[in-house]
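Engineer: Listed here are the chains, written in short residue letters.
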Amino acid sequence: MSVDLVRKRFAEQGLLREADRPLKIHATVINTSHRKHRGQGRLPVDASEILQLYASHQFGTYRLESVHLSKFSGPTDLSGYYGHEALVHLP
Amino acid sequence: MSAPSPSFVLVRTAATSTPYRVRSSPSAIAAAAATVIDVAPSAQRQGEPTLFAIPASLRGVWAPESPAWSVQLKPLESKGVSASFSSDGRHIVLNGPSTAAVRQAVQQLTFAAGRLQEKQPLTHFLSLPLQHPELVDKLSAWMDGVEAKGIDGEVLVKPAKFHVTLGVLSLVTPEAVEQATQLMQTIGAEVYDTLQTRTCLVKVGGLRLMTNAKEEKKNNWADMMEEDARKEPPPPQQTPRRDEPTPDRAHVVYFDVVEADGSGRFRAMCGKQHPDDLIRIYLCL
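Top line first, the protein sequences correspond to chains A and B.
Quick note on our numbering: the first sequence kicks off at -2 and runs consecutively.
Quick note on our numbering: the second sequence kicks off at 31 and runs consecutively.
Excised from the complex, chain B in its bound form (with noise of 0.2 Å):
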């Protein structure tokens, strides 16, 4: 069974030096956050404290005395647990009278963070360039006869700005621009790897209706607590979104993008395709 890609959240114990991912969904959160503290307990025994790794969109966001960090303090110190910043200010110590309390309070940061970042607004998106100047050209004349055809100017993308996107980041603070600059160069290589140092052509064309995804029903807080950790996590709910568009009621029209040799390579750069009825509406620019 292929997962798909997640989002991570690194929490590291004291006990072992290999970070552990967590990721972010809710549902999926409890169960990774209870093998952390699997192998909590004998970092417990020798008195060593638990490191949550803060996310970089987080840094600076949680910080000490930060008000969104005041927050999530109270209800730790409530339960025992003592929690301050790493020097770097990249983890969170956390020390605690028992296991369960200091596996309580990683579940409790892991989900906060969680819901902070997907308040944060999107700054940034990977993309890919559709800047050739003859399917700029191309382009402008197609959108003038789609213009001459009723559809109003302004729904059209500019030529100009036409792209693929590969994924939306949020990165509020200077660290997190910094990190995924320097991400940005360390992945070259890996790249030119990926696609076999020859040149990647896609196929640019047959216009597309964008429709809805639908949504999962997002767990709370207290669903999780309740969530028996170690058990697998039911399948989230899916619940319809309203208003799904229909070609005379469209609300983002796309042309397909597509490698031209078909060696797959253009895929293990970007991502995997997925089938259209799981098209997802936010990733649309």
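Only chain A is shown next, with the shape it has when bound in the complex (with noise of 0.2 Å):
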């Protein structure tokens, strides 16, 4: 059973960025990147209050869909989310 089977087969490929780094799975909702106007710096925010608050909150249990090759530019898909160029369903 290969371990971590889409990162191995994209890396052997030499295809893959930041291959020999680990990867950490976890799903950002902030991130100070998006910011518009940027001075000098990523400006940062104080979520202390919402790390203490939102430690243990659960959205539930959702089943994976698919694996997308995802465009950071471009249009998005009709739902909003980024335009891919090849998907992989799961079961």
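Since the hints were made in silico from the structure, they are not lab data.
Wrong hints could be hidden among the right ones.
To be verified - Covered by chain B, per the in silico footprint, the following chain A stretches (three or more residues, Cβ under 8 Å):
no., segment
1, 25 to 34
2, 69 to 81
Claimed, not checked - Cross-link-like lysine-lysine pairs, in silico, DSS-like; alpha carbons within 30 Å at most:
no., chain 1, residue 1, chain 2, residue 2
3, B, 233, A, 5
4, B, 188, A, 33
5, A, 5, B, 104
6, A, 33, B, 179
7, B, 149, B, 104
8, B, 104, A, 33
9, B, 179, B, 109
10, A, 33, B, 149
11, B, 168, B, 179
12, B, 149, B, 168
13, B, 179, B, 149
14, B, 104, A, 68
15, B, 179, B, 233
16, B, 168, B, 109
17, B, 191, A, 68
18, A, 5, B, 149
19, B, 168, B, 104
20, B, 149, B, 109
21, A, 5, B, 168
22, A, 33, B, 109
23, B, 191, B, 179
24, A, 5, A, 68
25, B, 109, A, 68
26, A, 33, A, 5
27, B, 168, B, 191
28, B, 191, B, 149
29, A, 68, B, 168
What the hints assert, rightly or not - Derived list of chain B stretches under chain A, where covered just means 3 residues or more per stretch with a C-beta under 8 Å from a C-beta of chain A:
no., segment
30, 89 to 95
31, 171 to 181
What you are looking at is a predicted structure, and each value in this text was computed from that prediction instead of being measured.
Just so you know, even glycine gets a beta-carbon here, dropped at the ideal spot from N, CA and C.
Reconstruct the complex from the two isolated chains, following the hints.
Structural biologist: Take a look at the structure:
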């Protein structure tokens, strides 16, 4: 059984950047790089209250439907998700 | 000892049919390149060339007459190494006066390819959309609440783009896009096998602060040449990043995504999970 299948297959063909760096599975909700006006460096946010408040907050359990080869830029798909070159449907 | 999944460039010699995978971290390249050239003497005796596989993202960037390639060609020619492109443009054909000269040429190209790839913009990423309608609704409501608590709306991710990132890619040529697209098509069956043809359910929740990782100090070309390629490369020096985020000075905040049934299938599909102190900020999108 191959571990880290998707990353491994892309790394083998030299297609994955940062391939020898660790992966942390996570879903970002706040990112200061999204700020429109960038002054000197990125301006941080004070998240101390919400980090305490939502440390145990659960959204529930969901089925993963697909793996996308997504595009950073360009038009989004109809739902507003990133446009993609290809996708693999999951069981 | 389990090594983290490395990125590779492929180096193949005419003496063998199997491509050698050379890890693209500069310190590891020297050792791997040495392995390749160790089999080259027989090829040299037979007058056979050594083939250097051009990484997909550099096809078209390294091409006959291209500026990026002429920069590489000059130092090769000064050492008496001739380099030309295979007819399909996928390999560089190296012929040199000695094994050492070819070995050095492979090292130069491997290192330069790694550097060039690092400079290229990130264009694509592998993602797992978290787009169940109920989840998107709940997340939107959660974000309204967070904004009411004073979090600036412009730093919030759009619920319609909520996802897990598995990796980032730089596909700057049509050939690289095509190669990645084809790979997506071919891994489908294997992904099904890894998930044992059962649905993959994940739990989304638990708000966390993304902390910085320690950066590896990059070796330069001169350092690498001085290194004895046959020895184990020294451990990379760790230098802490400036401006470590804290809860009150946060840059990236995320929800954990964990497999619901604990079967290990999710991890087998996506990648090894690493301890929190190794979290890497550049994977946050």
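Engineer: Next step is simple, just say for each hint if it's right about the structure.
Structural biologist: Evaluation of the provided hints:
1. Three residues within the 8 Å Cβ limit are the bar, and the segment 25 to 34 of chain A against chain B gives 9, so the coverage statement holds.
2. Chain B is given as covering the segment 69 to 81 of chain A, and this holds because 7 residues of the stretch bring a CB closer than 8 Å to a CB of that chain, at least three being needed.
3. Straight-line distance between C-alpha atoms of residue 233 of chain B and residue 5 of chain A comes to about 24 Å, which keeps the hinted pair within the 30 Å bound.
4. A hinted pair counts as satisfied when its Cα atoms are at most 30 Å apart, and residue 188 of chain B with residue 33 of chain A qualifies at roughly 14 Å.
5. Simply put, residue 5 of chain A and residue 104 of chain B have alpha-carbon atoms about 35 Å apart, too far for the 30 Å limit, and the pair is violated.
6. For a cut-off of 30 Å, the pair hint linking residue 33 of chain A to residue 179 of chain B stands: about 21 Å separates their Cα positions.
7. With a C-alpha separation of about 21 Å, the suggested pairing of residue 149 of chain B with residue 104 of chain B holds against the 30 Å cut-off.
8. Between residue 104 of chain B and residue 33 of chain A the alpha-carbon distance is near 44 Å, which puts this suggested pair outside the 30 Å criterion.
9. As the CA atoms of residue 179 of chain B and residue 109 of chain B are separated by approximately 65 Å, the hinted pair breaks the 30 Å bound.
10. A distance of roughly 24 Å separates the Cα atoms of residue 33 of chain A and residue 149 of chain B; the hinted pair therefore holds under the 30 Å criterion.
11. Taking the CA atoms of residue 168 of chain B and residue 179 of chain B, the gap is near 17 Å; set against the 30 Å cutoff, the hint holds.
12. The suggested pairing of residue 149 of chain B with residue 168 of chain B is violated, with an alpha-carbon distance near 39 Å, which exceeds 30 Å.
13. For the hint linking residue 179 of chain B to residue 149 of chain B, the alpha-carbon distance of about 39 Å lies beyond 30 Å, and the restraint is violated.
14. Restraint check: the Cα-Cα separation between residue 104 of chain B and residue 68 of chain A comes to about 36 Å, which exceeds 30 Å; the hinted pair is violated.
15. Restraint check: the Cα-Cα separation between residue 179 of chain B and residue 233 of chain B comes to about 25 Å, which is no more than 30 Å; the hinted pair holds.
16. The straight-line distance between the Cα atoms of residue 168 of chain B and residue 109 of chain B is roughly 64 Å, outside the 30 Å bound, and the hint therefore fails.
17. Only pairs whose Cα atoms come within 30 Å are accepted, and residue 191 of chain B paired with residue 68 of chain A is accepted, the gap being roughly 12 Å.
18. Distance hint between residue 5 of chain A and residue 149 of chain B is fulfilled; the C-alpha atoms sit about 22 Å from each other, no more than 30 Å.
19. Between residue 168 of chain B and residue 104 of chain B the alpha-carbon distance is near 59 Å, which puts this suggested pair outside the 30 Å criterion.
20. Between residue 149 of chain B and residue 109 of chain B, the direct Cα distance comes to roughly 27 Å. Compliance with the 30 Å bound is thereby established for this hinted pair.
21. Taking the CA atoms of residue 5 of chain A and residue 168 of chain B, the gap is near 33 Å; set against the 30 Å cutoff, the hint is violated.
22. Distance check on the hinted pair: residue 33 of chain A and residue 109 of chain B sit about 50 Å apart at the alpha-carbon level, beyond 30 Å; violated.
23. Our distance criterion of 30 Å between C-alpha atoms is met by residue 191 of chain B and residue 179 of chain B, whose separation comes to about 22 Å.
24. Between residue 5 of chain A and residue 68 of chain A the CA atoms are separated by roughly 20 Å; this keeps the pair inside 30 Å, and the hint holds.
25. The hinted pair formed by residue 109 of chain B and residue 68 of chain A fails the criterion: a straight-line CA distance of about 42 Å is larger than 30 Å.
26. At roughly 35 Å between alpha-carbon atoms, residue 33 of chain A and residue 5 of chain A are farther apart than 30 Å, so this suggested pair is violated.
27. Proximity of residue 168 of chain B to residue 191 of chain B is assessed by CA-CA distance (about 14 Å); at most 30 Å being required, the pair is judged to hold.
28. Of the supplied pair hints, the one linking residue 191 of chain B and residue 149 of chain B holds, its CA atoms being roughly 26 Å apart against a limit of 30 Å.
29. For the hint linking residue 68 of chain A to residue 168 of chain B, the alpha-carbon distance of about 25 Å falls within 30 Å, and the restraint holds.
30. Check result for the segment 89 to 95 of chain B against chain A: violated, 0 residues qualifying (beta carbon to beta carbon below 8 Å, three or more required).
31. Counting residues of the segment 171 to 181 of chain B whose CB lies closer than 8 Å to any CB of chain A gives 6, which reaches the minimum of 3, so the coverage claim holds.
Comparing the model with each earlier hint shows violations of hints 5, 8, 9, 12, 13, 14, 16, 19, 21, 22, 25, 26 and 30; every other hint is respected.
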